[in-house]
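One letter stands for each residue in the lines below.
Number of protein chains: 2
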Amino acid sequence: MKEDENPSSHFAPTPKPPYYAVIFTSVRSEGDQGYAQMAARMVELAEKQEGLLGVESAREEIGITVSYWRDRESIERWKADAKHRIAQKYGKEKWYAAYRIRIARVEEEKRFEKK
Amino acid sequence: MKEDENPSSHFAPTPKPPYYAVIFTSVRSEGDQGYAQMAARMVELAEKQEGLLGVESAREEIGITVSYWRDRESIERWKADAKHRIAQKYGKEKWYAAYRIRIARVEEEKRFEKK
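Quick mapping for you: the protein sequence lines, in order, are chains A and B. Take 1 as the starting number for the first sequence in our numbering and just add one per residue. Take 1 as the starting number for the second sequence in our numbering and just add one per residue.
Hint data in this document are derived by calculation from the structure and do not stem from the laboratory. Misleading hints may appear alongside valid ones.
[Stated by the list, open to error] Pairs of lysine to aspartate or glutamate residues, derived as DMTMM-like cross-links and limited to a Cα-Cα distance of at most 20 Å, are as follows:
(1) B:K79 to A:E113
(2) A:K110 to B:E93
(3) B:K79 to B:E113
(4) B:K89 to A:D81
(5) B:K92 to A:E5
(6) B:K89 to B:E76
(7) A:K114 to B:E50
(8) A:K92 to B:E44
(9) B:K94 to A:E113
(10) A:K110 to B:E113
(11) A:K16 to A:D32
(12) B:K89 to A:E113
(13) B:K110 to A:D81
(14) A:K83 to A:E73
(15) A:K115 to B:D71
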């Protein structure tokens, strides 16, 4: 972390629960095959979706992307989005060896910030 | 990913929903200060807890650790565990600049494995 950064700027600015989380964990295939570009484009597109609250993401052996949503309806709309559906198709054909998608209702949130 | 690996071995072997997820996202402080050792010890300890289903973890700018649990009671027991409470105290004093803990009920899970 850079010293001039506010560490909390890295977290999704979620409201008081309840809200929803989509936990997407994945193992990549070999090679990029257009993945990095499409991943960036999908985050851009998702951020324009009604109901998205924020995204948190990290990758080592596995990648974990958690997107937070106002409600399940917003998640269903994003799932059905035409450009996102094309990305989903490429994901299965080219980019991922395996993945899990878990849809969960957030019931409680605790925050810590060092003084 | 190594070629001889089963990619799905990286994921938590969760059962059919419903079950629970604890989404822990964090920004580290500077320096290790005993963190790596304690983090490994905590995963070991958590794995002995009744009700833990599995853990998925990755760190880049932020760290994301998702632990999956049978029910909220199991999460409460782990939260109250004596050794874990010591780690929680060090976490606030030394290891983390900021974190979020979100407790969520997983309602749906989709799996993909490349043929």
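Hint by hint, here is what the structure shows:
A hinted pair counts as satisfied when its Cα atoms are at most 20 Å apart, and B:K79 with A:E113 qualifies at roughly 19 Å. Proximity of A:K110 to B:E93 is assessed by CA-CA distance (about 16 Å); at most 20 Å being required, the pair is judged to hold. With a C-alpha separation of about 33 Å, the suggested pair B:K79 and B:E113 falls outside the 20 Å cut-off, and the hint is violated. This hinted pair does not check out: B:K89 and A:D81 have alpha carbons roughly 44 Å apart, beyond 20 Å.
Between B:K92 and A:E5, the direct Cα distance comes to roughly 18 Å. Compliance with the 20 Å bound is thereby established for this hinted pair. With a C-alpha separation of about 17 Å, the suggested pairing of B:K89 with B:E76 holds against the 20 Å cut-off. Taking the CA atoms of A:K114 and B:E50, the gap is near 31 Å; set against the 20 Å cutoff, the hint is violated. For a cut-off of 20 Å, the pair hint linking A:K92 to B:E44 is broken: about 33 Å separates their Cα positions.
Annotation: proposed proximity of B:K94 to A:E113 holds, straight-line Cα distance about 12 Å (limit 20 Å). Restraint check for A:K110 and B:E113: the C-alpha separation of about 34 Å exceeds 20 Å, so the hint is violated. Between A:K16 and A:D32 the alpha-carbon distance is near 38 Å, which puts this suggested pair outside the 20 Å criterion. With a C-alpha separation of about 13 Å, the suggested pair B:K89 and A:E113 falls inside the 20 Å cut-off, and the hint holds.
Taking the CA atoms of B:K110 and A:D81, the gap is near 18 Å; set against the 20 Å cutoff, the hint holds. Under the criterion of a C-alpha separation no larger than 20 Å, the hint pairing A:K83 with A:E73 is consistent with the structure, at around 18 Å. As the CA atoms of A:K115 and B:D71 are separated by approximately 33 Å, the hinted pair breaks the 20 Å bound.
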